[in-house]
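Peer 1: I would like the entire structure built from these sequences, with the hints used as guidance.
Protein sequence lines, in the order shown, are assigned to chains A and B.
The opening residue of the first sequence carries number 36 in the numbering used here; numbering runs sequentially from there.
The opening residue of the second sequence carries number 36 in the numbering used here; numbering runs sequentially from there.
Just so you know, not all the hints are guaranteed correct.
If several chains are the same, the list does not tell them apart, and a pair holds so long as it fits within one copy or across any two.
Unchecked claim - Result set (DSBU-like, lysine-lysine): computed pairs, CA atoms no more than 35 Å apart in a straight line: (1) Lys155 - Lys129; (2) Lys129 - Lys310; (3) Lys252 - Lys286; (4) Lys155 - Lys310; (5) Lys203 - Lys250; (6) Lys250 - Lys109; (7) Lys193 - Lys203; (8) Lys49 - Lys129; (9) Lys155 - Lys49; (10) Lys109 - Lys326; (11) Lys294 - Lys310; (12) Lys109 - Lys372; (13) Lys252 - Lys109; (14) Lys324 - Lys203; (15) Lys42 - Lys155.
Just so you know, the hints here were simulated from the structure itself, not pulled from any lab data.
2 protein chains.
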Amino acid sequence: MKARVEKIFQHLEKPVDAIVVANSVDPHLDQSFFYLFGVPAGLFEGAVAIAHPDGKLDVLTSPLEAETAHQAAKLDPHVAIHTVPREETDGFVKDLLGGAKTVGLNFRELTHSWYLILEKAVPGTDWVDVSVPIRNARVTKDAHEIELLRGAAEIGSKVGREIPGMLKTGMTELELAAEMEYRMNRHGASGRSFATIVAFGAHGAEPHFSPTSTKLKPGDSMVCDFGATYQRYVCDITRSFHFGPRDEEMKAVHDTVEKAQAAAFATIRPGVPAKEVHAAAAKVIDESKWKGRLTHGVGHSIGLVVHDGWGYGPNVADPLVEGMAITVEPGIYIPGKGGVRIEDDIVVTKNGYEFLTTAPRAYIEVAA
Amino acid sequence: MKARVEKIFQHLEKPVDAIVVANSVDPHLDQSFFYLFGVPAGLFEGAVAIAHPDGKLDVLTSPLEAETAHQAAKLDPHVAIHTVPREETDGFVKDLLGGAKTVGLNFRELTHSWYLILEKAVPGTDWVDVSVPIRNARVTKDAHEIELLRGAAEIGSKVGREIPGMLKTGMTELELAAEMEYRMNRHGASGRSFATIVAFGAHGAEPHFSPTSTKLKPGDSMVCDFGATYQRYVCDITRSFHFGPRDEEMKAVHDTVEKAQAAAFATIRPGVPAKEVHAAAAKVIDESKWKGRLTHGVGHSIGLVVHDGWGYGPNVADPLVEGMAITVEPGIYIPGKGGVRIEDDIVVTKNGYEFLTTAPRAYIEVAA
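Peer 2: The structure is reproduced here in structure tokens:
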């Protein structure tokens, strides 16, 4: 996509003659390939994209996915597709670089093997790391990306609203996770965007818990952290519920996390240092009886992946920028007892922010 | 795991003093980390494993997953866990290498960024690519790995047996894929091992088709290619069905693919050049009226990932080895009409092979 190629070149500190983005074998794919080439389906293992300063994009693909590539390129006159046997890719890259002296690479998503192949194929080239400019271009979203993020968030939000109706005494964490993922797919997701977290009772005190065969019992609180992938873009949403007779402490914890999240939302607008968003949430928690129980940064950017290259915690002075899509996810974790986290996805707008996720954030108690 | 560390060192062509395996951010994780350190859950972003010739393994993990790491290490006295803040990992690697002069790295799964961090952190080291020895160690499975592959294959096989009961006129490819993935998770999978392929009618002619909202109609054949992940190990299974009134051509195609697969199975034992397995299947297809319609290699190894580092096609002379877990998946693809592929997972044994997947391979026609 011409505008995205140009955006990356605009973010460079020093000019380069071209940028090469190279996929290895799954899972070692560079999502920047899909940022530059908006092909909706396909793995594109071994494929390479070469971006030029004039906005043109050469895409080298194996015969296996050439048809899919040509279909996508029909919508984008700045893309040229080259169908290349895998073992001849390096030679084609050399020809298409046409004597470029300085070439940018995404060191953070390129395998070291690929680097050595390129170094050998095009000797004398000055290879420059452009992973920071690529990340900075990707971190603010264009209108089409926001549309896809909204599509993913709507799927996640639907499932968020449906979770209370799924809960039954005796169901396992794994069963609830399976049901949530099924619903996301039925609502149009191509899959989950990360391994679903379902944590019943005391398990909720571990922020990154993996679901087990532990059964739900009356009196359990729970943390459900999940996300859908929709046309390669993701959402990331967390809701915490209570099952059965009220637990006054967990209700008070939930109220506090809600207030912390609201305080974080209130700070969000372009130009605000990211750490101020974190600090606003942390202040609410640290002034409550759960001081120190927020054990992680309050959010991260999302896009083609769930951790899209930018996180914000207590020490991140970089300012929020219009078009950033980020999570806002304070939590309180009480070892031996449980946890509450509330996570929403928002986009930073000119004057503030807009929600991507829409499921209710208020405390929900489900009858056992 | 001591035996796996030693196995990799035994596969080296030239000795090294240590081997470093380093994870970046998801999805840029080196599955060799999980081969060496049998931790059942967790992402371990940014984590590093250092393997020593005596079988010892140092694991550097962030505080986020330290508890999970310690639990796993309790079962393995050769593993030492070091909880390290992410930004200090490079310094710890230097200390734990303790003056090693020659250090092996998995160039194929290491990001170039990580390579540069290591090069800077431990200057004067001779960094050697050990990705081929690592692949060769991983490609033959130990008893515990075969147990986990069998667990994954049993889940996939159950769903393979259930697909006929799921088919209904008007359901979409995406709905069937969602149902299949849900069933895998309900049967104990932690997720799918790759994006499920469901291809109705003419879509079946494209081997790597992504499911769409196309609806099932009487008279459609279909290709369903899917896999479960179970305790990090995968299966990969394909079944082809026919829905509604018999299509004599598709039945004959299925019969031919069954024969091709049986011919391939009959060749499998240690020492046989891989290309002979492919050739046996290709011969059956090329002697039928669908000559030339097998458009891909007949299999690949499976393990911690679906394409586990080794594929076999018409030109692969390397011999099969006892303990290899591979797919056998001939297919016939007829543009405009449809396709049939039958794929099973097997382990090469001392005298032949054993099936991992157990769903019936015979032609199944489902009433519309």
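Peer 1: At 35 Å max between alpha carbons, let me know whether lysine 155 reaches lysine 49 within a copy, between copies, both or neither.
Peer 2: both (24 Å within a copy, 23 Å between copies)
Peer 1: Within a copy, between copies, both or neither: where do lysine 49 and lysine 129 come within 35 Å Cα-Cα?
Peer 2: Answer is both: 22 Å inside a copy and 32 Å across each meet the 35 Å cutoff.
Peer 1: Check lysine 109 against lysine 326 for me: Cα-Cα at most 35 Å, and say if that holds within a copy, between copies, both or neither.
Peer 2: between (56 Å within a copy, 32 Å between copies)
Peer 1: Quick one: lysine 252 to lysine 109, C-alpha cut-off 35 Å, is that within a copy, between copies, both, or neither?
Peer 2: between (55 Å within a copy, 30 Å between copies)
Peer 1: For lysine 155 vs lysine 310, is the C-alpha pair at or below 35 Å within one copy, between two copies, both, or neither?
Peer 2: Between copies only: 30 Å across chains, 43 Å inside a chain, cut-off 35 Å.
Peer 1: My question is about lysine 42 and lysine 155: at a cut-off of 35 Å on alpha-carbon distance, are they close within one copy, between copies, both, or neither?
Peer 2: This pair counts as both: shortest intra-copy Cα distance 29 Å, inter-copy 31 Å.
Peer 1: Can you give me the call for lysine 324 and lysine 203, within, between, both or neither, at a CA distance of at most 35 Å?
Peer 2: within (32 Å within a copy, 56 Å between copies)
Peer 1: Given a CA cutoff of 35 Å, do lysine 252 and lysine 286 count as a within-copy pair, a between-copy pair, both, or neither?
Peer 2: within (17 Å within a copy, 51 Å between copies)
Peer 1: Is it within, between, both, or neither for lysine 203 and lysine 250, if the alpha carbons may be no more than 35 Å apart?
Peer 2: both (9 Å within a copy, 33 Å between copies)
Peer 1: With identical chains, the pair lysine 109 and lysine 372 could be close in the same copy or across copies; at 35 Å between alpha carbons, which is it: within, between, both, or neither?
Peer 2: Close across copies (25 Å), not inside one copy (56 Å); limit 35 Å.
Peer 1: Regarding lysine 129 and lysine 310, is the shortest C-alpha distance of 35 Å or less found within a copy, between copies, in both, or in neither?
Peer 2: between (44 Å within a copy, 32 Å between copies)
Peer 1: How would you label the pair lysine 155, lysine 129 (within, between, both, or neither) given a Cα cut-off of 35 Å?
Peer 2: Both. Shortest intra-copy (10 Å) and inter-copy (29 Å) distances satisfy the 35 Å Cα cut-off.
Violated hints are absent here; each numbered hint is respected by the structure.
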